[in-house]
Each structure stands twice: as C-alpha cells, then as structure tokens.
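Novice: If you're matching positions, the sequence shown starts at 28 in this note's numbering and goes up one per residue.
Since the hints were made in silico from the structure, they are not lab data.
As the structure is a prediction and not an experimental result, all values here were calculated from the model.
Heads up, the beta-carbon is just placed ideally off N, CA and C, and yes, glycines get one too.
Treat the hints loosely; a few may be bogus.
[Stated by the list, open to error] If you anchor each label on the Cβ, the simulated ranges turn out as follows:
#1 G356 with A386: 33 to 39 Å
#2 S201 with A342: 35 to 41 Å
#3 G136 with R449: 42 to 48 Å
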Amino acid sequence: VVVGPATVQRAIDARLNAGLGYRHYAAPVSNSTVGDLATSGFAPVVNPAYNTMSAPTQALPFPTVLGYDDSRLGLPNAMSGFDKGFFSPASPVENLAVGRGYTVNIGAGELVDFQGTLTNGDQPLTLSSTRPTYPDGGWQLLGNPYPAPLDYSLVSAADRAGLEDAVYVYSSTSQYAGRYRAYVNGVGDPVLPVGQAYFARVAAGLSTATMTFRNSQRLTAPSATTMQRTAAETRPLVQLTLQGVGSPLLDEATVYFEPGATSGFEPAFDAEKLSNPTGLNLSISQGSRQLSIDGQAELGASPRVVPLAVRVPAAGSYTLTASQVLNLGAVPVYLRDWQLGTLTDLRQQPSYQFAVANAAALSTTRFELVFSPQQPLAAVPTALARQVAVYPNPAKQQVTIDLPASLSYQPTAMFLADALGRVVRQQVLPAGPVTHTLPLANVAPGVYFLHLTTELGAVVQKLVIE
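My request is simple: use the sequences and hints to build the entire structure.
Specialist: Here it is as structure tokens:
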C-alpha cells in the first residue's frame, strides 16, 4: 500500500501519431494541477480569454489544455455545437478534477508525471447536462481516476445512473485530427488505461446523471490496452472498416444481433457516432441518428437491411472492408452500392473499392448491408432483364420505363447515375402494371446508367441523353 504523495507517469502510444496531437488525460492522483502536465519538452498553455471569445479558434496564445463543459453549448460563438463545450482552465495552478478528463495538445515523445495522493476508494461524480435544451448536449469528458487500468465492462448500471452505456476513447492521428473508438455491451475494448480520459453521454431527456468509480472496476492483473482481447464473441456480428486508398487513416462501424435489441436506438445496445476530426467517418444510419455500434434484433427468415452513412475528407478512392464476419453460419452478407447498382458478397469479396466525387456531403443513401437468411440475392436473370424497356434511347426531355409484370408486384427503387457514379435522379416506381416516366430536365448530355432494384434483383441499363 502506497501512503502519501506519489508520482504516476503516463506514456503515449506513438504508433498512430508520432508527433504533436490531442491526447485525452485524466489524473490518477488528487491534488494534481494543470501545471503537472509539464515535461522537459512541453509547457501547458492556458488562456481563459478563449472561454468568452466569439471566435475561440483565434485565441492567442491558443490553449494546449482544454476541459469540457456542456453548459457552454448556449454560447453565441462560431464553434460547432459539440466543440463549444471545450474550455481553457483559468491558470496552471488549477486542480485537475478527479474523474474528469482533459485534452492536451502534446508530442508523442513526452512523458507526463502526475504528482499527488494516489486515488483510492469510491469516487462519486454528479454530472449536469443541457441535453434537454441542446441536441448536442449531454457529453461528459470523464477519466479513469485510478493508478491502474479500469475495465468499463465492470461498471454497473447503478454506478452510471442516467448515463448511456457507451464510452468513447479518442486516438490522435495528427496534430489536430484523430478518431473515436466506442465500447458498448461487450463490443469494442472496455479497458481504460492509467491516465486515460473518455467521453460518455447523459441519456436523452435528463439534466443530471451520476458516475461512481469504484476499486472493484480496476484491473488487478497487468493489461496493455493495445494487447487487450475480450472474451470470444458468440453473437452474430459484422464489422466494416472504411479507409482511403493509400492512406493509413481508417474508421469502423459494427452491427451485431442479440435478443432484446431492436431497430431503434437503445443505450444498452448501441453507441452513437462521435464525428472524427479526420473527416473520415463510417457509421450506421438510423434516420437522422448515426451509430458507430448498432445492436439489432436476432435475424429471422426475412432479409435485414442496415443502411450505412459515409463521409470522406476528400474526393478520391476508398475501400470498405468486412474486417469481421462472425457467427452468421451460412447467412449471406452483402454490401449494396445503390449508386453503381452493385451487390457484393462480403464472404467471397471482403473488400469493395469505390470512388467519391463529392467529399463534402454525408452520404446516407448509397451503401447498405443486406443480410439474406433465406437465399442469396442476385441480379435479375438476363432474359427477364431484357424485358425492361427504357425508351427513347437516346433521350432528351424524359425517358419512359416499362417493367414486365413479374417485376411489378412491389415498388422499385430507381436512380440515374453518370459515368462517375454521381446520382442525378432518384425516385421510387410504384407497384403495378403501369408505364413510368423519368423527367430529364436540367440533366446534362452524356452517358448515364439507369439502376433499378426490383424484388428479384438489380437491373442496370445504359442511357444516352442528348
């Protein structure tokens, strides 16, 4: 047992970013100050003027240490809703609050010393939230308060009353960019190393919550988070990874199936998506909400469609990869690209490369995962596809589409894409033996591809517009 003042060091894993970057710290001792973050090569900078400026990013000097307070979301400054919560400590002698987190822009080679009394025993925190007022409210930057790793899977629901179940840990990839990894319900890594801060969120509709850290949540055997392996997964699960071609940056999203979960958001099963400052974001689309981890009800006999959301930092080529496909037996798993009309069997081809021309927009309609328990999906047979009439071709003002009766029993999703895959028209054709028209006003002349997704599969036809 250590009695009295002690020093705890926190090293930085430099594999993702060997230079300057934001690292999220939490003090494992009491009576430590902002000044204790100093090293031989780093002096923490604070600037309380940052907290009241209309354009905080222009603060000089810019603070290198920031806390987080979601009550700041009502400030009329130029920051985004979530980013408004960051604030500068008042001075280097301000205490680092036990159980709270701080983001520090520091080099990977720096070794921070925390000096004070080792934290021990129960550490209760009362948390306030503006989530009932602001859609970006509720986020709390908390931290492992102990001089030992903390296993968040050992935190009971009673010890995080009013908080959603998920936690989010930030990894720096450059001086001002990085990505968040999530953990919820056994999906992801629950281990918070010594000195590690993390984000959690107060549940929707609540203005207060509590978090109680306990000694029983600590790991008592050596465990490095980069080497941590959780128990073998037994649930059906697919993890997708998004990565730019030739780039080390990546992001991931996970869908799994468990009794009790539903298609709606449930804090016990799902983790929301915290947007990555890298600009590379992959998530599961649930209406207006994006998820990094999505727990769904068990698969039945009917196909299950899981929409995906993709945002990339720049135009170019990217790859979606099924990094994990677990416990699905013989159930086929497909990646559908609505823009190009492709359906990729992820068991046979785990990686799918695609191009993005418009990097600014969040795409929530292009990609989806399809689980087809009863039978594999396929393209419409060639003989049947030939019965789809698209005329006139070449076309000018509009094009007419006739479907055979066998493809008309259900509504048909349709879109028109140019040679680069950019969607220029999109609509749903109603069921029934009717003739459909697609207006072409303001569509530039060129070669296009008309994509139809019918109940029997996909049909793609070339269309020339004059």
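Novice: Next, verify each hint and record whether it holds.
Specialist: Verification of the supplied hints:
1. G356 with A386: 33 to 39 Å: 38 Å, holds
2. S201 with A342: 35 to 41 Å: 20 Å, violated
3. G136 with R449: 42 to 48 Å: 45 Å, holds
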